[in-house]
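Using the sequences provided together with the hints, build the complete structure.
Heads up: the protein sequence lines correspond to chains A, B and C, in order. Per this note's numbering: the first sequence ends with 423, consecutive numbering throughout. Per this note's numbering: the second sequence ends with 140, consecutive numbering throughout. Per this note's numbering: the third sequence ends with 357, consecutive numbering throughout.
Warning: the hint list may mix true and false statements.
Simulated crosslink set (DSS-like; lysine-lysine; CA at most 27 Å straight-line) [as the list claims (entries may be wrong)]:
| id | chain 1 | residue 1 | chain 2 | residue 2 |
| --- | --- | --- | --- | --- |
| 1 | A | Lys203 | A | Lys350 |
| 2 | A | Lys350 | B | Lys47 |
| 3 | A | Lys288 | A | Lys362 |
| 4 | A | Lys376 | B | Lys57 |
| 5 | A | Lys420 | C | Lys267 |
| 6 | B | Lys139 | C | Lys267 |
| 7 | B | Lys63 | A | Lys132 |
None of these hints come from the bench; they were simulated from the model.
Here's the letter readout for the chains.
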Amino acid sequence: MNIPYHRSVLLIVVPLVVLCLPAISDAESSCISCHTDLPVDELSQPAQNFTADLHNLAGFGCQDCHGGDPTVGMDDYELAHSASKGFIGVPDEQEIPGLCASCHADVEFMKQYDPKLQVDQLLEYRSSHHGKLLAEGDDKVATCVSCHGVHGIRPIDDTRSSVYKTNIARTCAGCHSDEDYMAEYDIPTKQFAQYKESIHGRKLMDEGDLAAPTCNNCHGSHGATPPGLTSVSNACGSCHANNLEYFNQSPHNDAFAMMEIGKCETCHGHHDVEQPTREEFGIGEDSKCLDCHSEGDAGYTAAKVMAEGYDSLETTLDQARELLERAERGGVDVSLGKFDLHSADDALIKARTAVHYFDTTKYNEVVQAGLIDAQKVIEQGHEAVDDLEMRRIGLAFTIPVILLVALALYLRVRQIERTKPYA
Amino acid sequence: MGRRRFLDVILGGGITALLVGIVYPVFRFIIPPEQPEADASRVVAAKTSELPPNSSKIFKFGKDPAILVHTKSGDYRAFAAICTHLDCTVQYRDDLEHIWCACHNGHYDLNGNNISGPPPSPLAQYEVTVRGEDIIVSKA
Amino acid sequence: MTDPKRPSTVMSWLDERLGLSSVKELAMHKRVPMHKHSIWYYLGGMTLFCFIVQVITGIFLLLYYRPSAEAAFESVQFIMTDVKFGWLMRSIHSWSANLMVFFAFVHMFSVFFMRAYRKPRELTWVSGAVLLMLSLGFGFSGYLLPWNQLAYFATKVGTDILGEIPLIGHWLLTVARGGEDVTGATLTRFFGVHVAVLPMITTVFLLVHLVLVQKHGMSKPIGKEYENTPQMPFFPNFAVRDLVGWTLALGILVTLSSLFPWELGVKADPLAPAPAGIRPEWFFVFMFQTLKYIPGQVLFINGELLGIAGFTLGGVALILVPFLDRRAQREERNAVVSAIGWTVLLYMVVFTILGYM
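Here it is as C-alpha cells:
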C-alpha cells in the first residue's frame with residue numbers, strides 16, 4: 001500500500017493512544033471541561049456536541065482522534081497540547097479516512113463493539129470517486145465526516161442521523177445540489193430536486209416507506225461512484241426483479257446493449273423515475289415505444305397489440321367490478337365474486353410487468369388468463385344482478401295488488417255509506 | 001247487487017293475494033339458509049388429508065384470500081394471502097419452501113416476513129389449530 | 001258481522017265472560033267529525049301502522065341478529081345477503097322506523113294546531129308526547145345495532161352529550177355506554193333497551209293512548225264553524241278508510257325498500273378516524289345543528305350545557321302543553337300559541353336543512 005508517511009504514523013500512534021489510555025477517558029477529561037466554556041464557538045462547540053456522540057458514549061475521548069493528554073489538568077495548556085503527547089490538532093482533510101480507519105478497519109478492534117460491523121469502508125472509499133479525487137489531492141470531496149458528521153456522530157439507525165435512510169438524499173444534496181460548490185466538476189446538480197419528486201423520493205421521504213431506494217442504493221455508499229449501464233439495471237432489478245428478468249429475455253436486451261443505452265432508465269429515467277402510466281406504452285401520443293418505433297415496424301405492431309390487450313383486460317375487470325358493486329349495493333351477496341375478482345385483478349398487475357417481455361405471445365398469455373377469470377366474475381355478477389331484477393319484478397306484481405285492495409276497500413266503504421248514510 | 005258481489009270478489013281476492021304476498025316472504029325468511037352464517041373470524045381452511053407437508057392451500061377467509069401452509073417440518077401456518085406490495089395473491093413455492101408473489105417476485109418467509117423483492121411489510125399471520133381432521137384458521 | 005236478531009251462541013258465550021260488548025261499545029260509539037282539516041285524523045293511525053310493522057319485522061330480525069361487537073355487523077350482512085327476503089325485512093324495518101318518526105312528528109303538530117289537547121284530552125296528549133320521545137329512543141338505540149362505522153360515531157357523539165351534564169354527567173355517560181367508551185358493551189345495552197325496555201314502556205303508553213282516543217273520540221277544532229260538522233262513525237266508515245291508508249303505506253314501504261334498500265356501510269372500527277360528515281339520524285339533526293351554533297361560553301355557562309338544558313325544558317314544555325295553554329281550556333283560540341307552534345316547526349325544519357348543507 002502506498003500510504004504517505006504522516007498517515008502511516010497516525011495509523012500506529014492513534015491505536016496506541018487508544019489502547020493505552022482507556023482508563024483515562026473514563027475520568028473527567030480536561031479537554032471537555034476546558035473547551036466547553038471557551039468563548040470561541042469553533043473551539044467550544046465540538047466539545048459540547050461530543051457529549052451526544054456515539055464514540056463518547058462508547059468511552060472514547062477527544063485524544064483518541066486529536067492526540068494530546070486530557071489528564072494533565074487545566075493548568076498546563078502547553079503540555080496537554082504538545083506534540084510529545086501526540087497532539088495533532090484539527091486533522092487535515094487528507095488524513096481523515098485513515099484516521100477513522102485506524103479503528104474502523106481493524107477487524108479485531110471493531111469486533112469488541114459489534115461483531116457484525118463492516119470494516120471495509122476505507123477500501124470501499126478508496127475505490128470511490130470521492131476517494132480517488134482525494135488521493136489526487138482534491139480536498140473538496142466528501143470524506144467520512146462529510147456524511148457522518150463529526151463530534152455529534154449518531155448510529156446510522158438513529159432517525160436523527162444524517163445517514164439514516166430517509167436523510168441520506170438530503171445529506172448528499174448538501175454538496176451535490178450546491179451549484180457553486182460543484183461548479184468545477186462536470187456533473188449535474190439537479191439530481192436531488194428530481195429525486196425528491198420521483199416515485200422513489202416521494203415514497204421514502206414523504207411516506208416513510210423504507211423499502212424505497214435513496215442515493216446509496218444505486219450508487220453505493222462508501223464506494224459511491226457513477227454507476228455503469230449494467231450496474232444501474234442490476235440496481236433496479238434488485239427490487240424490480242421480474243421486470244429485469246423479462247427484459248433480459250426480450251428482444252430489447254441485445255438491441256439496447258448494441259446501442260449502449262440502459263435497460264431501465266432509457267424508458268423510465270433514473271433520478272426522476274415516475275410511476276409508469278398506461279399512456280407510456282402503446283401507440284398513443286405519450287408512448288415511449290414511439291421514441292424508437294414507428295408505424296409499420298414490428299415494434300409498433302407489438303406495442304399496439306399489447307396496449308389493446310391491456311385495455312380490454314382493464315375494461316373487462318371494471319365491468320365485472322361494476323356489476324358486483326351494483327348487486328352488492330342492492331344487498332346481494334357477492335363475496336365469492338369479489339374473491340374471484342381479486343385473483344383476476346392480479347392479471348392486470350402481472351400484465352404491467354409482462355410488458356417487459358416485449359413479446360406479444362408471452363404477454364398475451366398473461367392477459368388471456370386474466371380475461372378468462374374476469375369473464376367468470378362477470379357471469380357471477382350477472383347472476384347477482386338478475387337476483388336484483390327479480391326484486392323489481394316482485395315489486396311490479398305487488399304494487400298493483402296493493403293498489404287494487406286499497407281501491408276496493410274504498411269503493412266498499414262508499415257502498416256501505418250509500419246504503420246507510422251516517423249524516 | 002251484481003256490482004256489490006263483483007266488488008266483494010275483487011276485495012276478497014285482493015286481500016288473499018296480499019296476504020300470500022306477505023306470508024310467503026315471511027315463511028321463506030324464517031327458514032334458515034342452507035349454509036350457516038359465515039364466521040368472519042374463524043374458518044375450517046382444509047382437511048389434514050388434503051395437505052401433505054411442503055404444500056399449501058389458498059382459502060377464502062372472510063372476503064379475502066388467505067394461505068395455509070403445511071411446512072416441511074410439519075407445522076401449519078396461515079397468513080393473509082394478499083401481497084403487501086400491490087395486493088396480488090401470493091402462493092407457496094415448494095421448491096423455495098417459502099411464500100412467493102408472482103406479480104413482482106416478492107418473497108416472504110414462513111413467518112410472513114418480507115425477505116426480498118418489493119413487499120414493504122410482512123403478511124398478517126393467523127392462528128391455526130387442528131381439531132381432528134379439520135385445520136381451523138382464526139384471527140388472533 | 002253476525003245478524004243482530006240471532007246472536008251467535010259463541011259470541012254471547014264470550015261476551016258473558018269477557019265483556020266484549022263494552023269493547024264493542026268503545027269501538028262503535030266513536031264519531032269522527034268531517035271538515036276541511038279531517039285529513040289530519042289519519043296520521044295517528046299511520047304512526048300506529050308503522051309501529052305494528054316495526055314490531056313484526058323487528059321480531060323476525062331477532063331470529064338472526066346477534067348483539068355483539070364481533071358478530072352484529074356480520075349477522076346483519078348475513079340477513080341482507082343470505083337469508084331469503086332478509087334484505088326486504090331489514091329495509092322495511094329501517095324505512096318504517098323513519099316513517100314512524102316522521103308521522104309521529106306530523107301527528108303531534110297537527111294535534112297541536114287543532115288544540116286537540118283540550119279538556120278532557122290532556123292525558124291523551126301527555127301519553128302521545130311520551131310516545132314521541134320513546135320513538136326517538138327507538139331510533140337512537142336501533143341506529144347502533146348494525147354496528148357500522150356511521151352508527152358507531154353517531155352514537156359516540158350522541159352519548160358524549162350526556163357527559164356534559166353537571167355532577168351526574170359522567171355517571172350517566174358510563175351507564176349509557178356500559179363503560180367509558182362506545183364498545184361491544186354499549187351495543188349489548190342498546191340492544192336490550194331497543195328490544196325489551198322501550199317496547200315494554202311503549203306498550204303501556206300506547207294502550208293508554210289508544211283507549212283514551214277511543215273513549216273521548218276525535219276532537220273538533222275550536223270555532224263556531226265546526227259546531228255542526230257531520231259526524232262519521234269510526235267503525236266501520238273511518239276504520240276502513242284508515243285501512244285504505246295503511247294499504248297504501250304498505251305499498252310505499254315495499255317500494256322504498258325494494259328500490260332503495262337500506263345500505264349497511266362498513267363495519268365499525270373504533271380505531272379508525274371518524275369519517276367525514278358524521279351526522280345523527282335526520283330527526284336529531286336539528287338538535288345536533290343547534291348545539292353546533294351555540295358558542296362555547298354563554299355568560300359563564302358552558303354553551304353545550306345551555307343547549308341541553310334548553311332541549312330538556314322544551315321536552316318538559318311539550319308534555320305540559322295542555323296545562324300551559326289556559327285559553328284553549330276555555331275553548332278560545334290563542335294566536336300566541338299558534339305563533340309559538342309555527343316558530344318551533346320552522347326552527348326544526350330550517351335547522352334540519354342547515355344540518356344537511
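To see whether the hints hold, each was checked on the structure:
| no. | hint | verdict |
| --- | --- | --- |
| 1 | A:Lys203 with A:Lys350 | holds, 22 Å |
| 2 | A:Lys350 with B:Lys47 | violated, 31 Å |
| 3 | A:Lys288 with A:Lys362 | holds, 20 Å |
| 4 | A:Lys376 with B:Lys57 | holds, 21 Å |
| 5 | A:Lys420 with C:Lys267 | violated, 59 Å |
| 6 | B:Lys139 with C:Lys267 | holds, 16 Å |
| 7 | B:Lys63 with A:Lys132 | violated, 58 Å |
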